[in-house]
Each structure stands twice: as C-alpha cells, then as structure tokens.
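Trainee: Sequence:
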Amino acid sequence: MDRIREVFTCEDPVLFRQQLLQWISAFDVYAVLDSCGNDVYGPPAFDMLCGAGMASAISLEAGDAFQALESFAATGDWFFGHLNYDLKNETESLSSSHPDSIGFPDLFFFRPTILIRLQGHEISIESLTASPKQIMDTIVCLEPLSSYQPGAMQMHPVMPRSAYLNKVEAIRRHIINGDVYELNFCQEFLGKNARLEPVKVFDALCAADKAPMSVLHRNGDRYLISASPERFLMKQGNRLLSMPIKGTIRRGAGADDEELKEQLRQSIKDRAENVMITDLVRNDLTRFAKTGSIRVDELFGVYPFARVFQMISTISAELQDDAVPVKTIRQAFPMGSMTGAPKVKAMELIDRYEVSRRGLYSGAFGYFTPDADFDFNVVIRSVLYNQRSGVVSVQAGGAIVYDSDPVQEYEECLLKASSLFDVLRAELIQQ
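According to my numbering, the stretch in the sequence shown is residues 2 to 432, in order.
Note that these hints are calculated values from the structure, not bench results. Here the structure is a predicted model, which is why all the values come from computation and not from measurement. Hints may contain errors.
As the list claims (entries may be wrong) - Below are the SDA-like pairs computed for lysine to any residue, each with C-alpha atoms no more than 25 Å apart in a straight line:
hint, residue 1, residue 2
1, K417, K134
2, K262, E410
3, K346, E93
4, K134, P145
5, K193, V356
6, K211, L265
7, K346, F289
8, K344, K262
9, K328, S97
10, K328, S94
11, K211, S147
12, K344, H175
13, K270, A342
14, K211, E144
Construct the complete structure from the given sequences, taking the supplied hints into account.
Mentor: Structure (structure tokens):
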C-alpha cells in the first residue's frame, strides 16, 4: 500500500513539536527522533522524525534476528526500530547470563502507519490510512505539553561502589596481562514503583541536553527515553559514516570551560582510548567497504554538549556495490565504543564483570528509508522504563585502560548519568 503524502506549513514549530508529542503519546507503538536543535554535526536531515502506529512489525530474540530483519526491510518503506546489545550472542559465540530489568526484545522494528517529518516551518505527513490533512488538523487542535512535575524517586546502584572499584582493578590486570587493551565497563542504577510521563520526561531531557541523536520510543509498556549524542552508523547512498565517542570531561564556567576543553583534547589517556576504538571501527568497516575507501575524516575532535565535552572521531567509507544494508550493520555490531578491543574478548569479560544485562542500553536505535539508507545512534545517556512493573533503569559506563583510576571512572559514570537523574528528580542512594 502506497503512502498518501501532503506538506504543510506551521507558524510556530516549537508549539507544533509540543502538540506532536501530545498526539503521538496515544499510540501503543511509536518512535520520535529529535535533533533537539543541535547542529554540532552539521545541518541535520530533520528537526524531528516520527513514526506512529504499526502497520507491521518483527520482534525477535538473538538467533536469526538479523536475517529476519533483512527480509523485513527489503520490502522498501520506512522502518523504525532497535538492536539490543545482546544481539552480540548472534553475531559471535557469546551468551548473556545477567537479569534484564526492563524486557525489550533483542530486535524490534516496525513499519509505521503514519510518518511525520518536521524541518523548520515545513511539515511532511505520509499516511497509509487516514488523510494527512485530517491528521494535521487533529494535531494542531491539541494543547501543548504541561510542565513536568515528577514525583520523588530513589535510584540505587545494582553494583555497590566498592565492588565497582574492585572490578576496575581486576579489568586493569587483564589489560596488564594482554587479554584486552581497552574494555567498556558499565553499571546499572534502578528505581522502583515509578510512574513516569515519558513524553514529558523526553521533552525535559531534550531541553536540558539538546543531544542530536535523541530518541523517544514506545513498545507497549516499555519506553526508551534517550539523549544520545553518539552516531553508530549512517548510510547515505554508498557513503557510510561512523562517529565513535571516547573521552569525556565536564563543562565549566567562563575561562574554566575552555581550559577543560583543552585538557580533554590533550589527555593522553583519552586519546589512547579514542584511537583504539577508531582503529576498531576502521577494521569493522573493512568487512563491507570498498578497498581503499576508508578515511578518518577527523581524529580527536572535541565537541561541546550541555554538560560535557566529548572526544569524537569520524570515520567514513564507500559501501561495496553488492553490500546488503542490514548485513553491514550486523558486521559492525555491537559498536566498538561500547565493547573494547579486541572486541570478542572484551565482550566475554564484560559479561564476567558486569552484573546487569545491558539489553537496549549500548545497543542502537534508528531507521531505514525506502531507498535503503539508514541512520542509527548508540543507546547511551538513556532512561529505560517499564510502565507495567514501574522499574526505571539508567546505565552508564566508560572505557577502562591501563591508566584508568577506579575512583575517577566511577565519578565519570555519575557525570554521564547526572542529567538523567536531574530530569527524573531522582536521589542517588549510594551503597
């Protein structure tokens, strides 16, 4: 079935965005991708891209999930969805032994009934069913979101601080012994009996962080509320782009801000982390890129965000003529910035030392276009919420290398999670 498309103009894009969030919240399945007005990576393809309703979908656990996605996406339309970190068990001979607090399927993609794109003052609505004008009329009659008034919440670390510090030392011993060069080590913070209003949490998080790869996704009772700054992999035509993040430092005030930025730029430890993952991404791209086409467009770039500076490298390549889009994602997944190097050994050790299943955290969320282009983020700086159980999960981590200081690594986890805790008005209860 072909989509009916109409283009409209709105006088107030800020108001329309609020009305759009209000409208989409009524659907059981939806996705909202929001650049949050942040052009730090250049002009975005859209201000906001939304898929609402479910014309068809696939929901699978690791096994043959990528093969099923390849067939599903080959039908040629818009598809939104996610890849859980635990799909590593399909791409490699690995397993996951820890409890999952939220319960997203390992892979979920859906073909939306309605597609809405907001760019400046222009609104494009494509629908498989209702008239785009009827949809537009419904949206603009809605009130904007009311201000978010969260209730009191406590977040508890699943891993006690002392255990985290001891595990970082154990990982450093693996590095000294040559088992790995770098390992991404994460921890989970849980809240219980929560009653969130996900669209309002997302709106508040976008206002606070303005992260260019932000996502709000609902799949029944499960929600992803993400302020991700990181791009995993993008395809436009035959061009591929990956932008791994390794290196974080807080923002400062006045002259202190520029000093902190330069401190990150010159950090030997952060440069070592970044270059190892850049090399890992380059190696992943060789599996499906044209020979000689892989380029490091930028090494050790330092980018400003609301609370932190991030060190980001940009790697591009040309896709082989016979490459299949889903297979390229599979061959690069999971992203090296969330594993370490060597990748397989790092993932084995991650499962040994972490105590929570990552699930959707450190996976990817994104979309395919009818032209088989795609763009996926890295699911970090995110709130995962199960409305039925009332459980809220926030995970955070960082790269452990030989020079890592356990206390500083722990503080970096808290820094990365701080904006999420602030928006939730959550009190962190240390153990």
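Trainee: When the structure is checked against the list of hints, which entries are broken? Sort them ascending.
Mentor: 1 and 8
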